[in-house]
Structures are given as C-alpha cells and as structure tokens.
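Novice: Using the sequences and the hints given, assemble the complete structure.
Chains A and B supply the protein sequences, listed in that same order.
Just so we're aligned, residue 12 is where the first sequence starts under the numbering used here, counting upward by one.
Just so we're aligned, residue 12 is where the second sequence starts under the numbering used here, counting upward by one.
FYI, nobody ran anything at the bench for these hints, they're computed from the structure.
Any given hint might turn out to be false.
A pair holds if it fits inside one copy or across any two, identical chains being indistinguishable in the list.
[To be verified] Calculated lysine to any residue pairs in the SDA-like style (CA-CA distance at most 20 Å, straight line):
1. Lys362 to Asp194
2. Lys67 to Asn32
3. Lys282 to Thr315
4. Lys60 to Thr318
5. Lys67 to Gly101
6. Lys245 to Val187
7. Lys67 to Ile300
8. Lys282 to Arg135
9. Lys245 to Asn270
10. Lys67 to Asp26
11. Lys67 to Arg99
12. Lys334 to Ser386
None of the values given here were measured: they were computed from a predicted structure.
Protein chains: 2
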Amino acid sequence: MGLIVQKYGGSSVGDLDLIRNVARRVVETVDAGNRVAVVVSAMGGETDKLVALARKIGGEEPEPREYDVLVSTGEQKTIALLAMAIHRLGRAAVSFTGGQMGMRTDTSYGRARIASIDAQRIHRVLDDGAVAVIAGFQGIDEDGNITTLGRGGSDTSAVAVAAALDAEVCEIYTDVDGVFTTDPRMVPAARKLDRVSYDEMIEMASLGAKVLQTRAVRFAMRYGVLLHVRSSFKPDDGTWVVPEEDIMEGLFVSGVTYNRDEAKIRVRGVKDQPGIATRIFSPLANAGIVVDVIIQNLSQDGTTDVTFTVGRADFRRAVEITKRVGDEIGAADVDADDTIAKVSIVGLGMKDHAGVASRMFQVLAEQGINIQLISTSEIKVSVVIDEHQIEPAVAALHAAFVESGAAEPRTEA
Amino acid sequence: MGLIVQKYGGSSVGDLDLIRNVARRVVETVDAGNRVAVVVSAMGGETDKLVALARKIGGEEPEPREYDVLVSTGEQKTIALLAMAIHRLGRAAVSFTGGQMGMRTDTSYGRARIASIDAQRIHRVLDDGAVAVIAGFQGIDEDGNITTLGRGGSDTSAVAVAAALDAEVCEIYTDVDGVFTTDPRMVPAARKLDRVSYDEMIEMASLGAKVLQTRAVRFAMRYGVLLHVRSSFKPDDGTWVVPEEDIMEGLFVSGVTYNRDEAKIRVRGVKDQPGIATRIFSPLANAGIVVDVIIQNLSQDGTTDVTFTVGRADFRRAVEITKRVGDEIGAADVDADDTIAKVSIVGLGMKDHAGVASRMFQVLAEQGINIQLISTSEIKVSVVIDEHQIEPAVAALHAAFVESGAAEPRTEA
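Specialist: Here it is as structure tokens:
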C-alpha cells in the first residue's frame with residue numbers, strides 16, 4: 012500500500028511496556044503492506060529530568076548549545092529502545108538521530124527552524140523493507156551542531172518527515188481518541204470530529220485544544236500533508252485534518268474551546284492620539300510578553316481605554332511594565348484582573364454566514380454571562396468572561412451550536 | 012604552554028558535584044596557559060542503567076546497532092553537563108560527540124576499532140580559546156552509524172585524541188593516586204611509582220591493576236603518547252607511563268600484582284603425541300573461552316599432564332568441554348579447581364638479570380607456599396597458588412623485591 016509516517020508522543024512511549032505497544036502497532040501497519048517511518052519523542056518525564064539537570068549545573072540559563080546536546084539524548088534513547096523492540100518482533104528497524112537523517116535547521120538553539128531534510132537515507136532503509144525510527148524534536152545546523160526545535164517540536168518533525176518522504180498520511184498518536192467538539196470532561200455531549208480543516212485545527216490548537224501543535228498544523232497546511240490524529244491504544248479512526256476543499260459538508264461550528272490561562276490588563280483614560288498603542292505595546296514585546304486579545308474603546312472626550320490579555324505566567328511582569336508606561340503617557344489608571352477566561356467558537360461555516368457572533372452573545376446573555384472583551388477572526392469568535400462562568404458558557408455554546416445541529420450544511424468554499 | 016588531553020572516567024564524573032570538580036580542574040589547567048581537550052566517560056552507573064534497559068526490551072542480545080545508539084547517550088549527557096559547568100566558571104567550552112569529532116571506526120558495534128580521527132574541528136575550537144569536551148567510548152563508521160569501542164574504551168579514545176592532536180601528554184584521571192607497586196589495601200608498604208614503561212604497564216594492567224586499559228596503553232606505545240595516571244582529587248603528580256628509554260634508573264621489580272579471577276583445569280594421562288594440544292584447546296577457543304596459563308609436564312611412560320587456567324566466569328563451561336574432550340582422546344582423568352590465584356612480579360629489570368624467577372620461588376618456599384603452575388615472559392614471572400595464600404605471597408614478594416631495594420640500578424636498554 013502506501014508510505015505512512017507515524018508520530019508517538021512522550022505519553023505513548025512513557026515506559027518499556029508502552030514502547031512495546033508502539034512496536035506492535037508499527038509492525039501491524041507494516042504487516043498490512045505499508046512502508047512505515049516512525050517519529051518519536053523522549054519518554055514522558057525524561058525531558059523534564061534532563062532540563063532539571065541542566066538548570067542544576069548550568070544555572071537558570073544553561074549554555075544554549077550544550078542544552079540542546081543534553082536534551083537531544085532523550086529522543087535518542089527512545090529511538091534505540093523502539094528499534095530494539097521492533098527487532099524483537101521479527102522486523103528490521105533502523106534508528107536515525109536528527110543528524111543522521113539530515114534534518115537541517117538554523118542555529119537557533121532550543122527553538123530551531125527546519126531548513127531541509129535529506130530523505131535519501133530514510134528512503135534507502137524503507138526500500139530495504141525496514142522501519143525507519145526517527146528522533147523527533149532535533150536536528151543539526153550546517154556545521155553539524157545539534158539543535159532542538161523547542162517543546163512540542165516532535166509534531167513538526169513528523170510533518171516535515173512526511174512532507175520530505177511524500178507520505179500518504181502523517182498519523183499523530185496521542186492518549187485521546189481524536190479532536191473533540193469541546194472538552195469531554197466538561198461537556199459529556201462532546202463528540203469526536205471525523206474531519207476538521209487545517210484552519211479550524213490551527214484555531215482550536217492555539218485556543219488550548221492540546222492534541223496538536225499549531226506550528227505542525229501550519230507546516231502540514233503549507234506542504235499539503237494529511238494529518239490523522241488518533242489513539243495509541245485503540246484501532247479506531249480518530250480525526251483527519253485535511254484541506255478545506257476536502258470537507259464537503261460539516262458543522263456550522265466545529266468546536267467550542269476555552270482557555271483559563273489568560274489575564275486582563277486595562278489602561279484607562281489614555282489620550283486618543285497616534286503612537287499611543289506603540290508606547291504601550293513595545294515595552295511588552297521587548298520583554299518577550301505575548302499579548303493576545305487587544306481592544307480599544309471608542310474615544311470619548313479625546314480619551315480612550317485600551318484593554319488587552321496576556322498569559323498568566325507573564326501577568327505580574329506585564330502589570331509592572333504597563334503601570335510604568337501608564338505613568339509616562341499620563342493614563343488615568345491601570346487596573347488588572349487574572350480571574351478571567353476566554354471561550355471561543357470555531358468553524359469554517361462562519362465564513363459564509365452572518366450573525367454567528369450575535370447569536371453567540373445572545374446564548375451567553377440567556378445564561379446571565381457578562382462579556383468583557385470580544386475578538387473575532389474569519390472562522391472564530393472569542394469572548395473573555397469571568398473564569399467562574401466557563402462551564403455554563405461552554406455547555407450552553409456547545410448545546411446551541413453543536414448538539415442542536417444548528418449545523419446547517421456547510422457550503423463548499 | 013602546551014596542548015593537554017585530560018581523561019576523566021565514570022567515577023570522576025559520577026554526579027553533578029564531581030562534574031563541577033572536573034570543571035574546576037580543567038579551568039585551572041587552562042588558566043595555567045594550556046590548551047585543553049577533555050575526554051569523558053558516562054556518569055558512573057549510567058551505562059549500567061542503559062544496558063539494563065536494553066536487556067529488558069531487547070532480550071539477552073539486543074540488536075547491536077541500536078545498543079550502541081542507546082549506550083552512547085551516556086557520554087553525550089556528560090559532555091553537555093561538563094561544558095555547561097565550564098561555561099559557568101567563565102570559560103568557553105564546546106562539546107563533541109564521537110560523530111562530531113570525526114572519530115571514525117569500523118562497524119563492529121559494541122567493540123569497534125578506531126580507524127582515524129579528524130582533528131581539525133577540535134583544533135579550531137582550541138584555537139578559539141575554548142575547551143574541547145569530547146565523548147569517549149564512541150565513534151561513527153563510514154556510513155555515519157554510531158559505534159562504541161566497548162567497555163573501558165574511553166581510555167583508548169583519550170589516547171587516540173592525544174595522538175591525533177599531537178598533545179604533550181594524555182592525563183588519565185582516576186580515583187587513586189597513580190600506579191602502585193602492589194595493592195595498597197593488601198600491603199601497607201605499597202608505594203606509588205613515579206614512572207613505569209609501557210611494557211610494564213601493559214603487564215600490570217592485564218594482570219589486574221585496573222587503573223588503565225591494556226588496549227589504551229598499547230595504543231599509546233604505538234603512537235608515542237605520554238600518559239600520566241593521576242588523581243581527580245589531588246594536585247600531586249601521579250604515575251607517568253613512558254617509553255622504556257626514558258627510564259634511566261628504576262626498580263628491578265616495579266610491581267607485584269595478583270588476580271583472583273582464575274580457575275585451573277588439569278587433563279591427566281594424555282598420550283604424548285603431536286596434535287593433542289589442538290584437540291584440547293580448539294573446542295575451548297571455539298566456545299569463546301580465553302585460556303591464560305598453559306603448562307605441559309615432561310612426558311613419563313609416553314603420557315603427560317596438561318594443565319591450564321581460565322577466567323572463573325567460564326569455569327563451568329570449560330570443565331564440561333574439557334571432560335568431553337578428555338573422553339575422546341582417552342585421557343586418564345580431568346580434574347578442576349577454582350580456588351586458585353595468580354601472583355606475578357613485573358619489571359623491566361628482569362630483562363637483563365638472570366635468577367629473578369628462582370629467587371621468587373625461594374621467597375614463596377620460605378613462606379611455605381606451594382607453587383602449582385609457573386609462567387614467564389621477558390618482564391614478568393607469574394605463579395599459580397592456592398587462593399588463601401595470596402596475602403602472604405604478595406606481602407613477601409613485595410618485601411623481598413620492592414621494599415628491600417633489591418632494586419639494583421636498572422641498566423639502560
């Protein structure tokens with residue numbers, strides 16, 4: 012049949028029994044007549060242990076080149092163990108470090124970007140009938156220095172390998188069954204999606220549905236790699252992530268997502284004049300703080316309010332910086348709140364239908380939920396609310412948009 | 012000053028405090044004006060852990076290529092941690108895996124032999140004023156497969172690096188102060204040798220003085236690399252291992268060594284005819300059993316006795332094989348004894364002086380110690396005795412040959 016790339020994350024290779032399970036899964040795929048390249052992460056917990064060692068000896072910011080030399084041993088262990096386990100099941104397997112497979116990156120240690128892959132050596136192994144077992148997350152720069160792609164980079168490695176090998180599909184194995192319409196722990200009626208588009212997956216991933224790294228989905232979209240998110244422990248199909256044009260008919264809204272990891276800062280009584288936004292946001296960017304939603308109210312009496320959200324880990328620093336800036340630009344006041352949450356609906360169907368946002372606001376109003384901020388994109392509407400109201404908000408939106416089948420037939424793009 | 016290669020074994024880098032200690036030692040050497048390349052082993056215990064993992068998932072004989080991919084992560088961890096620790100002390104350091112430094116070997120996984128080293132990249136790092144931190148024990152073959160040199164291979168790596176860099180000296184750091192005239196735990200009068208020749212060191216290493224691998228000493232001798240065996244924890248000079256011609260004057264006998272790891276097998280009443288020795292020893296060699304001492308008595312009435320020793324780990328198998336062979340060749344009897352030990356005296360001085368062996372036998376006779384087997388080489392005399400008599404034997408020989416200063420001035424070769 013075809014050439015399949017399979018990616019198994021840390022929780023799927025967390026101990027020797029789990030690695031044996033992956034080996035069986037790989038051999039079944041080979042026995043079904045496929046050529047298989049497997050991309051793996053470090054065993055669950057291994058990277059954390061290595062990072063702790065690095066901090067103990069290298070301080071808070073260990074030398075970046077050597078940090079990558081250290082943490083890349085995590086995946087190297089997994090590839091060797093998995094290849095041994097496959098051998099033990101009677102199938103040949105050959106492992107590849109990032110360097111051995113020619114995963115060429117730039118030299119940004121700890122967050123390297125992929126430049127190219129030399130797929131020849133992998134093809135040779137596959138042509139010999141063996142399984143290629145590939146270390147995710149790592150590469151080498153043009154001088155042969157070891158680099159890592161940063162946390163979650165294994166998804167991106169897998170997609171890059173699939174693109175380079177021109178694989179039929181890149182299967183992403185996880186400990187959940189696929190991508191759900193919302194968090195099943197919060198809403199029992201949540202159900203698995205059979206298909207989502209790249210764009211929807213990107214919005215859902217960036218909004219906190221953690222099955223797949225946004226960066227990997229973008230990469231897959233750019234190179235036209237089909238993704239299949241599925242369970243390591245069940246044989247059933249999971250969720251396919253495909254180009255928009257391959258979705259003939261679908262849900263009006265594909266998913267309801269939420270994110271508790273946000274905090275809100277408001278700068279009140281700012282003079283409404285050019286350059287004010289830069290004065291506020293440049294110092295935050297320089298401090299490496301990512302700002303998510305930004306809202307500026309209509310001007311009244313020549314002054315306005317600017318409100319924005321940041322990740323909670325950056326909250327304290329962001330407030331300090333903003334207060335300092337607020338003084339400099341003569342703002343009336345800076346206030347802050349870290350008890351907020353963001354709830355979003357995502358769906359290709361919104362593209363062609365007006366009124367989705369207003370219907371969302373109505374559903375929330377019926378639950379007595381106050382909306383603090385609103386932000387929209389082509390296929391997403393996000394609102395910031397009080398964090399204690401997440402559960403009723405998600406449940407009501409899921410009922411209104413997903414369960415009801417509000418779900419009109421999705422028109423083709 | 013010069014270019015120095017330092018090698019630190021597993022017990023010298025066994026935890027983060029020990030690695031910091033090594034970093035200080037390296038930085039002191041750099042501060043004294045030297046260029047330094049450091050070769051390190053895996054942290055003590057790390058290799059054993061990796062081997063245990065390999066056995067659990069790969070069985071008693073895990074796939075050899077992947078075994079090397081796995082165990083080579085041990086040294087990779089150490090080089091990264093040591094380079095970080097050196098950075099933290101304010102000195103630049105760049106780590107090298109076997110592949111990165113171009114340590115080219117053959118493809119005998121688990122026991123690869125070094126073919127060549129590309130020293131250019133290391134020279135470039137040293138020329139930049141940085142410390143080169145090199146993974147011992149590992150290399151790559153010409154296809155880029157990871158190989159390991161086998162246990163103890165780090166000493167050999169260090170010597171090979173010293174040869175390739177044309178280093179002034181290769182310092183071997185251990186947890187003892189140097190090479191001793193005998194085991195100081197057994198004989199309090201034992202003392203550190205300032206210098207020994209390569210040949211003496213090889214005899215002493217192969218006889219159980221475990222500070223340095225025989226293979227590494229042979230390599231050093233062939234390429235003329237000066238070795239300096241010294242303590243990781245003390246600043247004092249240890250023992251220099253040098254060419255014979257650099258030893259102007261020395262001890263008649265340099266050391267008294269012993270080995271408890273032997274067992275004896277005797278084949279009695281064998282017909283004294285050509286081909287008998289082959290009939291006995293070929294089956295043992297085919298079974299991978301290394302035979303050490305071999306003695307054949309003078310023939311009486313057309314029959315003779317053949318006695319030999321093997322390592323205790325092979326004892327049971329060796330006895331089985333020999334009994335079978337004994338029946339085939341019509342031997343009168345096969346008996347065996349695993350309560351023996353070998354005691355040896357080693358010294359360049361023996362080369363030019365007759366009577367050393369007979370004096371050794373006399374010393375042992377005065378202690379009432381019975382000699383079971385004798386074997387001699389140019390610079391060594393070994394005897395096999397009852398293992399319960401090791402201590403008085405070693406003490407008496409050390410007193411007679413080393414402490415007494417029997418020690419005539421050693422004539423130059």
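Novice: For each hint, tell me whether it holds in the structure or not.
Specialist: Going down the list of hints, with the structure as the test:
1. Lys362 to Asp194: neither (24 Å within a copy, 84 Å between copies)
2. Lys67 to Asn32: For Lys67 and Asn32, the Cα distance is within 20 Å only across copies (14 Å; inside one copy 34 Å).
3. Lys282 to Thr315: For Lys282 and Thr315, the Cα distance is within 20 Å only inside one copy (6 Å; across copies 112 Å).
4. Lys60 to Thr318: Answer is neither; intra-copy 39 Å and inter-copy 54 Å both fail.
5. Lys67 to Gly101: Between. Shortest inter-copy distance 16 Å satisfies the 20 Å Cα cut-off; intra-copy 42 Å does not.
6. Lys245 to Val187: The answer is within: 9 Å in one copy meets 20 Å, while 56 Å across copies does not.
7. Lys67 to Ile300: neither (26 Å within a copy, 46 Å between copies)
8. Lys282 to Arg135: For Lys282 and Arg135, neither the intra-copy (65 Å) nor the inter-copy (58 Å) Cα distance is at most 20 Å.
9. Lys245 to Asn270: neither (28 Å within a copy, 57 Å between copies)
10. Lys67 to Asp26: between (25 Å within a copy, 11 Å between copies)
11. Lys67 to Arg99: Classified as between: cross-chain Cα gap 11 Å, same-chain 38 Å, threshold 20 Å.
12. Lys334 to Ser386: The answer is neither: 24 Å in one copy and 87 Å across copies each exceed 20 Å.
Consistency note: the structure conflicts with the earlier hints numbered 1, 4, 7, 8, 9 and 12.
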